[in-house]
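K.L.:
Sequence:
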Amino acid sequence: MDYTKVCHRQKSGVWTILLVSILSACRTDAQAPSDPWKELPSILERIKPPEFPAKNFLLTEFGAKGDGVIDCSNAFRLAIEQCSKSGGGKVVVTKGEFLTGPIHLESNVNLQLEDGAIIKFHRDPRKYLPLAFTRWEGVECMNYSPFVYAYGKTNIAITGKGTLDGQADNEFWWPWKGSKDAGWKEGMPNQKPGRDSLFAMGQRGVPVEDRKLGEGFYLRPNFIQPYKCKNILIEGVKIINSPMWEIH
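Counted the way the working numbering counts, the sequence shown spans residues 9 to 256.
No lab work stands behind these hints, which were simulated from the structure alone. As the structure is a prediction and not an experimental result, all values here were calculated from the model. Some hints here could point you the wrong way.
[Claimed, not checked] PhoX-like, lysine-lysine: derived pairs with alpha carbons at most 20 Å apart:
1. Lys238 with Lys56
2. Lys169 with Lys63
3. Lys185 with Lys200
4. Lys103 with Lys63
5. Lys128 with Lys169
[To be verified] Ranges between beta-carbon positions, derived for each pair:
6. Asn178 with Glu59: 35 to 43 Å
7. Asp189 with Lys246: 20 to 28 Å
8. Ile51 with Arg143: 19 to 27 Å
All C-beta atoms in this analysis are idealised placements derived from N, C-alpha and C, irrespective of residue type, glycine included.
Please build the complete structure, drawing on both the sequences and the hints.
P.N.:
What follows is the structure, given as structure tokens:
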């Protein structure tokens with residue numbers, strides 16, 4: 009039997025969510041501690057939020073315009089690259105509406121949204137190509153890039169009082185789910201064939217690099233996905249209108 013409990017604790021102003029699983033099948037009753045929760049303080053002591061150098065990289069200094077119209081994808085890319093190459097710090101998004109495609113975080117970068125800052129993500133699925141190494145409902149594949157993505161990075165964060173707006177609704181992204189309450193109508197494409205194909209490839213052991221989905225498969229990307237990353241902080245920001253899962 010698998011006993012799973014979730015504990016929340018506020019430490020240094022950061023809410024830490026700790027998932028503790030005790031697999032009794034792995035040890036006998038005689039080996040199990042009388043009260044596993046006594047181990048909790050020592051586990052929490054090992055959890056340290058990421059820290060970043062006191063260096064700011066203003067997104068607007070890399071060509072971004074907060075008018076909600078100009079594509080700021082390249083500005084995000086340049087600011088994040090420069091921040092990481094300089095040893096890390098904060099990429100600061102000031103007040104305004106910044107339209108972009110996927111944002112790929114690098115190690116030691118804190119994407120900070122100031123109060124009044126809104127990052128709006130493109131509704132055009134082609135903006136989320138080329139394919140990214142991701143997971144869809146837990147199955148590894150090559151699919152549309154998540155909106156905010158990191159692969160194999162260390163010390164990353166998304167913080168501040170701003171908003172991440174996926175701009176998904178019953179006209180964009182959600183209909184792919186294939187349910188009428190999400191805007192799907194008879195004759196419209198949906199994710200079921202792609203989902204079935206992905207799960208079948210997973211069962212057959214098809215190499216991940218050959219599980220190429222994306223266009224024509226209608227598998228919605230996740231909003232925020234740090235995959236195989238370490239030391240991650242998400243704090244304070246508002247996340248709305250996600251195409252699928254908010255944090256995966």
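K.L.:
Evaluate each hint against the coordinates.
P.N.:
Evaluated hints:
1. Lys238 with Lys56: holds, 11 Å
2. Lys169 with Lys63: Given pair lysine 169, lysine 63 holds - Cα atoms ~19 Å apart, limit 20 Å.
3. Lys185 with Lys200: holds, 8 Å
4. Lys103 with Lys63: holds, 19 Å
5. Lys128 with Lys169: holds, 15 Å
6. Asn178 with Glu59: 35 to 43 Å: Holds, at about 42 Å.
7. Asp189 with Lys246: 20 to 28 Å: holds, 24 Å
8. Ile51 with Arg143: 19 to 27 Å: holds, 25 Å
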